[in-house]
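K.L.:
Residue numbers (the working numbering), protein chains in the order written: chain F, 27 to 534; chain Y, 27 to 534.
Think of the hints as simulated: they come from the structure by calculation, not from any bench.
Identical copies go unnamed one by one, so any copy, or any two together, can satisfy a pair.
DSS-like mimics (lysine-lysine), calculated; alpha carbons at most 27 angstroms apart, straight line:
| no. | residue 1 | residue 2 |
| --- | --- | --- |
| 1 | K510 | K447 |
| 2 | K267 | K52 |
| 3 | K447 | K118 |
| 4 | K267 | K36 |
| 5 | K310 | K118 |
| 6 | K267 | K118 |
| 7 | K36 | K52 |
| 8 | K447 | K52 |
As the structure is a prediction and not an experimental result, all values here were calculated from the model.
Next come the chains, spelled out residue by residue.
Number of protein chains: 2
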Amino acid sequence: MKALGFLSGKPMVVIDDSVAQLLGVKPHERVEVRYRDKEIVTIVNVAGEIAQDVILASDDVFRYLEAEDGSEVEVTPSPPPSSLEYIKNRLKGTRLSYEEVKAIVEDIVSGSLSEIELTALVTTMYHVGMSVEEMYYFSKAMAETGEILELNRKPILDKHSIGGVPGDKTTLVVVPVIASLGYTIPKTSSRAITSPAGTADRVEVLAPVTLSLDEVKEVVLKTNGCMVWGGSLHLAPADDKIIRVEYPLAIDPFFVPSIMAKKKAVGSTHVVIDIPTGRGAKVKTIGEGHYIAKDFIEVGRRLGMEVTCALTYGEQPIGYAMGPALEAREALLTLKGKGPTDLVDKAASIAGTLLGMVGVENGKAMALEAIKSGRAEKKLREIIEAQGGDPEVEPEDIPLGDKLLTVYAESEGIVLWINNKVMAYIARLAGAPVDKGAGVLLKVKIGDLVKKGDPLFQIVAERAYKLQLAEKALEELRPIGIGKPQEQMLIESISFVMPHERLPIIER
Amino acid sequence: MKALGFLSGKPMVVIDDSVAQLLGVKPHERVEVRYRDKEIVTIVNVAGEIAQDVILASDDVFRYLEAEDGSEVEVTPSPPPSSLEYIKNRLKGTRLSYEEVKAIVEDIVSGSLSEIELTALVTTMYHVGMSVEEMYYFSKAMAETGEILELNRKPILDKHSIGGVPGDKTTLVVVPVIASLGYTIPKTSSRAITSPAGTADRVEVLAPVTLSLDEVKEVVLKTNGCMVWGGSLHLAPADDKIIRVEYPLAIDPFFVPSIMAKKKAVGSTHVVIDIPTGRGAKVKTIGEGHYIAKDFIEVGRRLGMEVTCALTYGEQPIGYAMGPALEAREALLTLKGKGPTDLVDKAASIAGTLLGMVGVENGKAMALEAIKSGRAEKKLREIIEAQGGDPEVEPEDIPLGDKLLTVYAESEGIVLWINNKVMAYIARLAGAPVDKGAGVLLKVKIGDLVKKGDPLFQIVAERAYKLQLAEKALEELRPIGIGKPQEQMLIESISFVMPHERLPIIER
Chain F
27 MKALGFLSGK
37 PMVVIDDSVA
47 QLLGVKPHER
57 VEVRYRDKEI
67 VTIVNVAGEI
77 AQDVILASDD
87 VFRYLEAEDG
97 SEVEVTPSPP
107 PSSLEYIKNR
117 LKGTRLSYEE
127 VKAIVEDIVS
137 GSLSEIELTA
147 LVTTMYHVGM
157 SVEEMYYFSK
167 AMAETGEILE
177 LNRKPILDKH
187 SIGGVPGDKT
197 TLVVVPVIAS
207 LGYTIPKTSS
217 RAITSPAGTA
227 DRVEVLAPVT
237 LSLDEVKEVV
247 LKTNGCMVWG
257 GSLHLAPADD
267 KIIRVEYPLA
277 IDPFFVPSIM
287 AKKKAVGSTH
297 VVIDIPTGRG
307 AKVKTIGEGH
317 YIAKDFIEVG
327 RRLGMEVTCA
337 LTYGEQPIGY
347 AMGPALEARE
357 ALLTLKGKGP
367 TDLVDKAASI
377 AGTLLGMVGV
387 ENGKAMALEA
397 IKSGRAEKKL
407 REIIEAQGGD
417 PEVEPEDIPL
427 GDKLLTVYAE
437 SEGIVLWINN
447 KVMAYIARLA
457 GAPVDKGAGV
467 LLKVKIGDLV
477 KKGDPLFQIV
487 AERAYKLQLA
497 EKALEELRPI
507 GIGKPQEQML
517 IESISFVMPH
527 ERLPIIER
Chain Y
27 MKALGFLSGK
37 PMVVIDDSVA
47 QLLGVKPHER
57 VEVRYRDKEI
67 VTIVNVAGEI
77 AQDVILASDD
87 VFRYLEAEDG
97 SEVEVTPSPP
107 PSSLEYIKNR
117 LKGTRLSYEE
127 VKAIVEDIVS
137 GSLSEIELTA
147 LVTTMYHVGM
157 SVEEMYYFSK
167 AMAETGEILE
177 LNRKPILDKH
187 SIGGVPGDKT
197 TLVVVPVIAS
207 LGYTIPKTSS
217 RAITSPAGTA
227 DRVEVLAPVT
237 LSLDEVKEVV
247 LKTNGCMVWG
257 GSLHLAPADD
267 KIIRVEYPLA
277 IDPFFVPSIM
287 AKKKAVGSTH
297 VVIDIPTGRG
307 AKVKTIGEGH
317 YIAKDFIEVG
327 RRLGMEVTCA
337 LTYGEQPIGY
347 AMGPALEARE
357 ALLTLKGKGP
367 TDLVDKAASI
377 AGTLLGMVGV
387 ENGKAMALEA
397 IKSGRAEKKL
407 REIIEAQGGD
417 PEVEPEDIPL
427 GDKLLTVYAE
437 SEGIVLWINN
447 KVMAYIARLA
457 GAPVDKGAGV
467 LLKVKIGDLV
477 KKGDPLFQIV
487 AERAYKLQLA
497 EKALEELRPI
507 GIGKPQEQML
517 IESISFVMPH
527 ERLPIIER
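Please put together the full structure from these sequences, using the hints given.
P.N.:
Spelled out as structure tokens, the structure:
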């Protein structure tokens, strides 16, 4: 056995095609590799020009077998896992049982299913739809095959947004509010995949977010809350492998189970799912929002979790800032009582809903009071400190990019619309989320009256060439619409379709 | 750039995940690798524990770039091909145009689409169905992206069986018959994937089948016919890559275009598609056969090809022999006038249909006469010689396995059914098609009267342990049913479902 020289994340071997023929294995079938008293089953890659007596293997295989470069191993064909049979049955229309789902998820996690097999499952679920029963099975199995956060507390509150609206730093306000009122809220978040900033990217401006599960537990037991990156915690790890397939195809049939699995894994008992709704959001209509809400609520019920879905206004960015540092600043300002009204209302509404679910009356008023009194700000600083950040940080300490471009109104009128996707695109071109100080800062929101020459928004970048990329893109795009409603009957002329017309929900 | 040490059939590179993050590429996205004045775009594999300044690459990349182990290369992110956008559109329901199909097929051939992307296309076509228009587009594009056999003759006759019935050596009789009557029939065939023998496996017992396209041309111009393995000719090469995805999933949405593409690539003008029909065949009912026939005929029409579909009786093996050598013997015997009636009738019917299509009257009678007169046998020997085999070969010269097991009737009655799938399975366990001398030799066919103790069939193997495997499997399986029809009202009790209940058509 010879080393390929990398760790592929799942065991990987390559053999010559003449050897494959001899063994009677086809590409993507399995072989068992045995060394001394250990054996491992892996999917086989078939290539040319490898010596007949050589099998190439990734470091994963060497480590598992405790073998060394040059070790003599025995290679035999191995039958496919039974989970493949279940996937093939699903393709032909059979619904999956819990035992079948569990076997599939275990094999996804261990890397025993090939990409072809996993893609077939994902694409099939996309085309024929997953039943609520199956969503529940996948949620449960995905949670059970990963780490579990054991806090031994009840209730455990949580919130999650399905995303799609740029600038949504609601979590950075909700978590300190809830924790400051004595409730436990262990929030894990993702980084941005297609947006200018994920919650983990925003929080990282204020404090480290890559913690171990034990560290998370310590932070939560001390402060009642946390805001950490979920990626390093191995909660529902099947989801990462599923996203790897969904992402290039821009489809997301697993978004309900994967969100719910992560909530289950941290022991949440009361969860608000934020569903931003409207033109420019992922969910376009209130009807569609109801449809998705039903799945979340029902899957939650079966998992023993109370779920409320909050359909929120999603037709423009939340607040004014987009990009990690700009948004961290705005969140901090909000907790200091100087936040934009839409962000304050959204955060207070979601916190209030959560509080209502655990029997608190006037939850929204209490949330607003926690902000006004500075109690939530104090709690945020506790959480920042517990996660290893600077608890004294002030908005103006947060560094921003110094390459600026302001876009001005070319005519007078009312701001009729702000295009979420275009704004997110511009912010990403400017460098967000990789350049933390990059993004877009709005100067107006829908309904504002502007005069010709008024600033509409500012692009912020750390690097000049990225600012130029964003500026160049503006030549073709129209991020903000200004006019008089009664003289603007044409809503949109569609002649160019932007890639990913319906944004998949893969930031979860 | 460091060498992975193998030729993967499509360019493959591996980089460290820290480098991927730096470049902003996700697994399965693309990078451009540049060396001196050459560049290549490849899908990127992301792994761990690779040095930051190293990119691992398969030999395909080194050869294309004319680089050496250790060469300094430049790596930059590269956008996905537009074919990915077409596949994503297809997922969402848009039918494909010819230009889109062409781009997809070109990228399949060049390896520019990841397995995830190709699987999504295949699974989508399986779930939502391919329109006849799309079948035609894929047929045309698949033919155009491969080699073309230019014979400059007309008409060019051809036949193809969608398979599923073991022992079907009809081609070995039809080709010499047609060629002996002065018509051109350049037959390419596949090897077995799930059956005991493919036509290429059968012919290989008599003559080499791995020829170059120039050699094929020479053989056909000399003898009017050939029987070669299609796999080495690069006709419609996209099909191999599609089958690699279809096979593990046991689905076959591309079978019509891939069969038709290969017919187009050899310039066929008149084609008979044999659709074995009935219990135990791939196509269970005559209605289903009509449905499939419609697609073949219509796609053929658009390709400028006349197609007739022959629905043939497929409820038991053709002739008595299954396995490469056993079948080659039986075919040779048939051309010597000593063939089983069903094989003779099937071959003469298909040859007769082909002859009828080019205006010959009494084609079937002419075909039977070509067999009876020895004219077809003489032609077979010419073809064998032209392909490099021994033209003097006689049936008894063909070596068979010497490990034998005969199964006897346990009761008296009429042979009511012979299970195709069980027979194929037993023959494969005995060693076919890898062990050319292995297989099953029937002693009875449906309708025969047997007495207790009469031989029903014989298992032939080259290796004792394989004979034992086949023998052991017989404990659980019932390959032949014997009884009196009027006392056998129970057709089947289904309690155990064999894997791959509906056999996919991937031997094509």
